[in-house]
Amino acid sequence: MKARQWIGTVALTAYLAVIVVPLVWVLISSLKTSPEIFASPWSLPAKPKFENYAAAWNEAGLAKYFWNSVLVTVGSLAALIPIGAMASYIFARYPFRGSKLLYAIFLGGMMFPNFLVLAPLTDLLRRLGLTESLVGLGIVYVAFSLSFTVFVLTGFFQSVPTELEEAAVLDGCGHLMVYRKIMLPLARPGLIVAAIFNGLGLWNEFNLALVLANSESIRTLPIGLANLTMARQYQADWGSVFAALVIVMLPAFVVYWRYRERIYEAMLAGAVKG
Amino acid sequence: MRNTKGRNAFIFAFLSPAVLIYAVFLVWPLLQSFQMSMYRWRGVSRNRKFIGAENFNNLFQDPVFWKSLQNTGTLLVVAGIATIALGVLLAHLTDGDGAVRKFARAIYLFPQVISLVAVALIWQFQLNPKYGLVTDMLFRLGLPVRDPGIVRDPRYAFSAIAVAFVWHALGFFVLLFSAGLKQISGEIKEASALDGSEGWHRFRHVTWPLLWSVKRTAITYLLIHILTVFALVFVMTEGGPDRGTETIVSYLYEQIAKNGQYGYASALAVVVFGVSMVASLAVLAYFRKDPTAGARA
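First to last, the sequence lines map onto chains A and B. According to this note's numbering, the first sequence is numbered sequentially starting from 173. According to this note's numbering, the second sequence is numbered sequentially starting from 2.
It should be emphasised that the hints constitute simulated quantities derived from the structure, not laboratory data. Heads up, the beta-carbon is just placed ideally off N, CA and C, and yes, glycines get one too. Do not take every clue at face value.
Stated by the list, open to error - Under the rule of at most 16 Å between Cα atoms (straight-line distance), these lysine to aspartate or glutamate pairs were calculated in the EDC-like manner:
hint, chain 1, residue 1, chain 2, residue 2
1, B, Lys6, A, Asp343
2, B, Lys103, A, Glu338
3, B, Lys6, A, Glu338
4, A, Lys174, B, Glu199
5, B, Lys131, A, Glu208
6, B, Lys131, A, Glu437
7, B, Lys183, A, Glu437
Said to hold, decoys possible - Just a sample of chain A residues kept apart from chain B, beta carbon distances all over 12 Å, derived:
hint, residue
8, Leu195
9, Ala218
10, Pro220
11, Phe222
12, Ala227
13, Trp229
14, Glu231
15, Leu243
16, Arg265
17, Val332
18, Ala367
19, Ala424
As the list claims (entries may be wrong) - A partial selection of chain A residues facing chain B, derived with a Cβ cut-off under 7 Å:
hint, residue
20, Trp197
21, Leu199
22, Val289
23, Leu318
24, Ala398
Next comes chain B alone, as it looks inside the complex (with noise of 0.2 Å):
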């Protein structure tokens, strides 16, 4: 029973709003930037130049490019580890009753819906080198964090944006996590449970394997949330010191902003697109096949 009446009429009136705003302010400047990586462009003025790969030669000459990217890089391994590993481990222990663990997932995804601003100040006043609750255990703990301070310092910056990250991201892990360890029967517990196998050695062969689907989910999530480290990066260090946090957005909001280089910049954020792609291609391809689709509820 379908009404046809009017059919057409009706999909293009619900559906035109949506497509236009979308193609408008979204897919076509998406097209765009492809084109304007090829230009020698600075945004205010009228002329561009047509200059096909340059900005691509420059870009991998560019020693900032690397060193951003490589930052980015490694934030994402070493958070990833740390938001992966944590996340696992939390997420058994808020499983089950009790006032502290209702209270912990009452509270755990709160870091996460307050503004990135708001996680790098706290995170910035808790590492100022006069006031900061943070300074002072680790200075009382006798390391030299006073001078210039945490933020400042080259040894410890990157750490202090990992770590602000992590906070800010932990709750969602352990929120996919335990929605893993849920969908795991309890057939499956009590089997290994007859089996003799618990603790460590069931964690290690039934639980880890059959969180297969949410592993991927939560690396998929990384590599595209990664990149809003840039709030944390802005407002803590700007990049410093001596580039020491420079992300890959980060460097893109400056070639924007403060040098109107907008072709460049496009030609950045291509390359940053492609490497996405083909990281989040990677992911796909690897786990592709559930080898434990059919042991969850």
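Isolated chain A, as found in the complex (with noise of 0.2 Å):
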């Protein structure tokens, strides 16, 4: 027993090495010159050298990729959420004839990869006007979101107990009082949930907005941290390269720690039925 709990100690210690040794590696590589880059990956920067991080948020052009994102990602969740919301209530609470269907295609997009539709979705984006624009890619975002937002948001309002809205309705509350005043707020968990999964999977988008939007000036953080690296194999400022890396993992990690075990509950409820 004794030999067992040692193994799995060090088996769980070298797991752990695995994720955190690369990231502080990124790190402490961020600070070093291109020199110190080169000399050895394991030294320490003779001294901390934070002007990588000017360069790579002004000179590579990380600054504008950054608030691309945000613009993107805050615009889609704006629109995403209270139209998920609205459709989840709908289905949680207004049973009709065919509702149990339209649910189940809504929940049909979580099964299948988005890419399979970049060929027809790039042509109608064209002969809409929306091609190479954020706009046209957050209105992208919030179709391909729907299911998952729907999904985990119709469980919360089913969730919440009916005498609330009975009463109210004796009241004399109408079908959007109750929503608005009742419904929610007590779906905020949920709502909450829904936002912080969401946000985290569009602000790492790859695939749609490297088809869809890759044209310079409106390029996400992800899209032009690849440009800039592929772009760089040959340039010198390495330092600046994995300061880049940071500034693009830093907003990630800090909502993941703040909301970690919200995140878990997301995964978890998405993948029992995903």
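Fit chain to chain and form the complex, with the hints in mind.
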């Protein structure tokens, strides 16, 4: 038993090292000069070079990509959450003929990978004049995020006890009033879970953005970073490339650290179905 | 007690934004990709020509298609075995008290929530022939990893992609199996302990069979998410060397973005769609009857 515990601890520590060491190494390298990076992967910087971050942010254009990402993520969420919540409320509380089928069609979107529709989608956006536009990308993001959002929020609305609604209706509240005054506040935890989970997913989204929005001025952070490093292959300033990588991961880390319990919940909820 | 006044109008008003956007930007393109797969069409030009099954015939004679399908399948099997085996093991190891375990549970999903581009770069940098941390370690162990470098070496490139994918995905499987282990009731654990079943024996005959529905979820998840490996391939190897890491999505991307072959790309998408549907149904059929239902708390 002793030996087994010891082996377990060693294995667990190894696992943690595999996660943490690369991240710490990237962080340390982001503060080194290029000659220091090439001298040894293990060395510490003689003097932390914070200028790498300024170079990545300004000269490499990360600032622009960052704001593009903020814009498209926040914009998509601002449309997605209300639209998704409204539909979910109907699915949870207003059954009608065919509503089960419609709900199933919505959930079906979780089952197939989004890139399968890239060719027709590109054509559609071109005809609507929405290619190479953050608005077009945002609309597509809303469409592709609805499945998971509707799934999670329908569950939340279903879990709200019906007595409250009934009392409100007796008091003369209309449909809209019940939704706004009673259901929305009660479903708040669900709205937060949906916003965090979708927010992370959209912040990181790569496939759709690569095909639908790849011109220099509207690149999002993942596309910008991929381009940056592929173009910089033969350039010298490696420290700032590492700094760019840290800048990209930082917001995700902050959100993860603050909300990880909710992220776990959302992932498990999605997994049970998906 | 149901408020029927204006009910239908309310339903319509609340449902239509979601239905409209979902139908136009997801369902419609999906249906269209089936139609497009039967046309010769290069995106930009207006003229498209109906060619029936020609795209499919060409596809089935396209060695790169088969190569990318095979690579995707291999990755699915290799990454599947690795994530499920390590996921079960680590779910056991991270369970319980103590600072190390708590820290592990706080951190393990982080590789999953960062951008795949970041994951690709973390590994590309670690595997860089000149300054990479992992390259340095492997070189000290005597492996010839410096020239031309791991991601450019046909012997190692595929493994590099697989390792990066597992690093990214593993946390989810630990989470999943941890939840599965918690569902196994204390009574069963006690009963099997009384029967003298513990350690490997208990795992083999009690725990592993009881993780039935978790295994189904894990495999379904892999089937869907293996395709996200595209971002890793795109950044780390661009499908090379010599198509050695070409996956089905990177090939699809090439057909759209580089060659503008929308019809051919749609045929490719339809085949992938079919294959993944069949695979999902096979998983569902295999796991349909849960022989252990009722044994969980």
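Hints violated by the structure (numbers, ascending): 2, 6, 8, 16, 19 and 21
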